[in-house]
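K.L.:
Here is how the chains run, residue by residue.
Number of protein chains: 2
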Amino acid sequence: MSTRRPTIGVFDSGFGGLTVLKALLELVRDADYLYFGDTARLPYGSKSVETVGRYAVEAAHYLEAHGAQMLVIACNTATALALDRITAAAHVPVVGVVEPGAEAAASATKNKKVVVIGTEATVSSHAYRKALEARGLNAREKACPLLVPLVEEGWVDHAVTEQVAGIYLGEAFGDGFHDADVLVLGCTHYPLLKPLLHRVAPASVTIVDSAESTAGAVATHLQELLPPPSTQQQENRTHPRLKFFATDSVEKFRRLGHRFLGHSTDDVQHVDLKE
Amino acid sequence: MSTRRPTIGVFDSGFGGLTVLKALLELVRDADYLYFGDTARLPYGSKSVETVGRYAVEAAHYLEAHGAQMLVIACNTATALALDRITAAAHVPVVGVVEPGAEAAASATKNKKVVVIGTEATVSSHAYRKALEARGLNAREKACPLLVPLVEEGWVDHAVTEQVAGIYLGEAFGDGFHDADVLVLGCTHYPLLKPLLHRVAPASVTIVDSAESTAGAVATHLQELLPPPSTQQQENRTHPRLKFFATDSVEKFRRLGHRFLGHSTDDVQHVDLKE
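Those sequence lines, one after another, are chains V and S. Here the first sequence stands for residues -6 to 268, where the numbers follow the working numbering. Here the second sequence stands for residues -6 to 268, where the numbers follow the working numbering.
Treat the hints as calculated values from the structure; they're not laboratory data. Small disclaimer: the values here were computed from a predicted structure and weren't measured. Certain hints may be false.
One copy or any two copies: either way a pair holds, since identical chains are not told apart in the list.
Heads up, simulated EDC-like pairs for lysine to aspartate or glutamate below, C-alpha to C-alpha not over 20 Å straight-line [to be verified]:
1) K106 <-> D259
2) K105 <-> D172
3) K245 <-> D168
4) K245 <-> E43
Full structure from sequences and hints, please.
P.N.:
This is the structure:
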């Protein structure tokens, strides 16, 4: 990476990855961002390894072709099922969300028991369990397929969502995991539920947001790759430029995107991956 | 259609269309069936007209190429957004789910007020409202995006689902539609919720299941197209042959498919539409 101001490509199946972009915009301001949401083919969370891998590699190639010098796979499902495949197919550094999340969990847990919630596909892959066990931790993974639709319905603080989360977390923290002290949000939609999950989870639990952990990992990675900015460069810093690509309707992307990012997502371009 | 025993192609974005196939197997037994579930790209219900149209035409072509002599678009979203486009692209008769559902609603209502529930995309298209207004009825359409994920989670008789359905139907039957007397299930997942919806909807409401209405329309259509069977042919009737195609994991199709169809969905073949 030769330029002082890198272009970072952020990829997700849809909108959830915008929580990672939001964390990046707070932590890594001296960069420009391309965000790719594969909204025509979302959700990935219920799909197979083969399908998710193929879709993710297409998106990675698209971002590289449009100037991304680093790729952030801001989707737990794509990371869990296809990080190796994406890394092999890419020509630039690739950062996923699972390893930073596992690392943050390892730092936060005292009794080495961690609960991870995510989509059906992320949980079936056991990517988190492997990453946590490699750090000497006991892990319980729990698929929570209704949480993404509840977030997309906008019910982020709704009694129904609290009830559903209560059922899922009740099962996750049952049977030998009553004393787990960390809850990893293994899906980039879940940061929008953080206040609600704090209420529902056992009081002693620390919530690890893999969006924030990933932004931290990207910042560290860039420090290793790039020379430190000069005083002149620090003074000349400008706001990050944001450019969005979506495979489904751009109107819907603008509407839902704002909810996840908290910023405008107006500069969005429709992409047809078959062309 | 020259053959006495037609091959009928049934298409849906995923599993919901199996409720239509189930109704067809009860009503039209003298036929063979090809079922195509575009499971790699589901759900259609949150996607745009352009994307749904493109996907549906690809699936229709696939079914025709594999011998379908009639196409049943067993997906409310694909029918609502793309029936004209599919009909124009196909070389065989095409039956959708919206017109049969509207016709059944018109027969069932006494006070000419009908509520339709469906996906976000089906409701935004106003296909049902247009079909019902063309029959002189007042229609209220209500998007219920959480019902499909709740069905796919298997919570078809769960307290949470009852609460969610209560919220949706409370809004749908409010504001001038208190006295609506028909509820159209404008999504092929919803027949699995019929007992629960009967409990939640106002007591006087008749539920119209567009899966059943569509099977009736197909039976009528076939009677018009085909000569009546001879006594010999009636005696020689065999069970319908079923063949399934899915764009995502065949294992998942077998597992979830059984829940919707109530029959085995073992003979399923993976299809990659890009090849």
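K.L.:
If a hint holds in the structure, say so; if it doesn't, say that too.
P.N.:
For each hint, the structure was consulted:
no.: 1; hint: K106 <-> D259; verdict: neither (42 Å within a copy, 40 Å between copies)
no.: 2; hint: K105 <-> D172; verdict: within (10 Å within a copy, 58 Å between copies)
no.: 3; hint: K245 <-> D168; verdict: neither (42 Å within a copy, 27 Å between copies)
no.: 4; hint: K245 <-> E43; verdict: between (27 Å within a copy, 13 Å between copies)
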